[in-house]
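*Asks:* One letter stands for each residue in the lines below.
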Amino acid sequence: MTQTITIDPVTRIEGHSKITLFLDDAGEVHDAQFHVTQFRGFELLSEGRPFREMPSLMARICGICPISHLIASAKACDELLAVRIPETAVKLRQMVNLAQMVQSHALSFFYLSSPDLLLGMDSNPDNRHIFGVAQAHPEMARGGVKLRQFGQRTIEILAGKRIHPAWIVPGGVTEPLTADRRDQILAMIPEAKQFILNALTLFKARLHEFADEIRTFANFPTLHMGLVTKANGLEFYDGDLRIIGADGKTLVPAVDKYHYQEVIGEAVEPYSYLKSPYYKPRGYPNGMYRVGPLSRLNIVSHAGTLLADQELAQFKALPDDQRQSSFHYHYARLIEMLFGVERIEQLLHEPDILSTHVHALASPNAYEGVGISEAPRGTLLHHYKIDDDGLIRYVNLIIATGNNNLAMNKGVLQVAQHYIHGGEIKEGALNRVEAVIRAFDPCLSCSTHAIGQMPLHIELVAPDGTVVNEVKRG
Amino acid sequence: MAKTFKIDGMDVSAADDQTILQVARERGIFIPTLCFLEGLSFVGACRLCIVEIEGNPTPVAACATYPQEGMEVYTNTERLQGYRRLILEMLFAEGNHVCAVCVVNGHCELQWLAEKLGMTYNTLDYLNRPKQVDASHYRFAVDHNRCVLCTRCVRVCDEIEGAHIWDVMGRGIDCKVITELNQPWGESVNCTSCGKCINVCPTGALFKKSKAVAEMEKDTHFLRYFSTIRAGGD
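Order-wise, the sequence lines are chains A and B. Counting from 575, one number per residue, gives the positions in the first sequence under my numbering. Counting from 76, one number per residue, gives the positions in the second sequence under my numbering.
For the record, the hints were derived by calculation from the structure and aren't laboratory data. Ideal placement from N, C-alpha and C gives every residue a C-beta, glycine not left out. Any given hint might turn out to be false.
With beta-carbon atoms standing in for the labels, derived distance ranges [said to hold, decoys possible]: (1) A/940 - B/103: 51 to 57 Å; (2) B/103 - A/764: 49 to 55 Å; (3) B/168 - A/601: 52 to 58 Å.
Straight line, CA to CA, 25 Å or less: simulated DSS-like cross-link-like pairs of lysine-lysine [said to hold, decoys possible]: (4) B/251 - B/286; (5) A/959 - B/284; (6) A/959 - B/286.
Bound conformation, chain A alone (with noise of 0.2 Å):
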């Protein structure tokens, strides 16, 4: 008799999502889906706003990132503008936009990540949350939460607020940065440094842990994409869109943005609102990438700043089937929180970050925009077309998460064969199979809070409907 395992919603994860796992008549996973549940619809409904807007209608896709969404809107739109932005305005954006990539990392490893992690995948589940990680690990806790605002608090001090400020506009941002403001920002930075490296040595000495999720996890040869600087460095604002393939091999080394669409499919599946992008070339589903930490680690040669070049090498150092593990964005995660506090000081020291001339003033000069930036969970494009008036006509988004769907729901069938065997259904087992969607941080929506347990609801489905078995906590 086949059944179905249904995780119905994904706990600890950012957005409403679940996952269907088909079982055979032996009682084995044959099929796995990963569903999101949500729609949201931006993409229709900025249609005829003045595409100033945009940037902050975007924001509000996302309570979490919506500084990546700011960045990218606000890119495509300094397309549509056709000017060079100040210097200093592109170091600002910069900075605001590291200084997201660590409170979201931040939010992924600690709040969410750190109890499968520190307490275990087989820990009781009603302590497997932030607080019972708050006990075991008091310290680990409080540096995720003065990482957490690190990130934005240094978003605040910058852009004047926290979440969806307005700061960063077509052009470039409204206002400079202060003299004052900057020496906030730098007093800290060394603390922020020291609770990334502590977690790394914490992280790093408890990886033997973890063999078997590090074999299990979404571990299996994609491509890569990513961001990199001219010098095949770290870059999360600009720089060339390379797609590298499973062997370390480039093979498009700078996507035309104008023509992503030529190397970029987006398929879509009915069981899912979350689109299927895949590399065109391979076709689909068989053109399967990665985005986000790890695919930015290993495409990229170094990252440019000292600890991040020194915990890189290490990283680089692991095996070429460790490094394909989707485990190991948890480990990529940790780099990049390091990369992005040190990169924020070396931005700091600019000679020009105070430069009072930060917004170049154009009319649009171009009908179509693309911008490209790095998110948290990976590469964020936004396509925008604009009439003669400047009204938006045409917007299409490639979400980070978006990048990963195939990946995500590879990763969950992998884990799920691994782990559920004979129709039994084991409580670590199940955490697992969210794990490995944790692992790739999905920002499914804009934010949700997770303290302690979501309900976990888990029903084994006979084929004529009836429900057989069911399973329930929270």
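Using the hints provided, position chain B relative to the given structure of chain A.
*Replies:* Showing chain B alone in chain A's frame:
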């Protein structure tokens, strides 16, 4: 001849040409207004400045009512507070006011009034009527989603600039401000592109196309100079 009357129990006097609103403002008594703007004629359209008069069953618009000898006016009764909030709720429900992405966020009279008068939520269903944006003018745009039909633009263009390109078309729920007898603004031959309508608009309905979210601040100071010039000419 000066008249004496009472506002909120305070003895006040008014010259012949002074409305209740003008006297109240002279005395520092707050009466909310939206369509009224010092320097333009009054129309009493928004009804936010309604006040109660002892013995009068219905409230009257303070901007458009001259006091009578011995009148007793009340500006902030519980009944008035309720009416004013309801008016604001209706304005918000009729248009599509999304402050978060509005060009005048933080500098909007409607937003300020909602905060000031304690409209913390809307009891009415939003109509969500799709409305157009006319961005055909090279510098300015009108977003009808945010228009509250105060007609300040109509009056300033007619009374101060003397171009009279703005009018009001339609009735009831279909009412809208139009340019040049309902032609696209960008095709107007009479618009002088002076920007006065932009500056007097209390919301983000009229704005400069060069401004992004929350960047647009309105400046109505120019009206004071016109008032001064006019007063000198009388």
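*Asks:* Are there hints from earlier that the structure breaks, and if so, what are their numbers?
*Replies:* Hint check: nothing fails, all pass.
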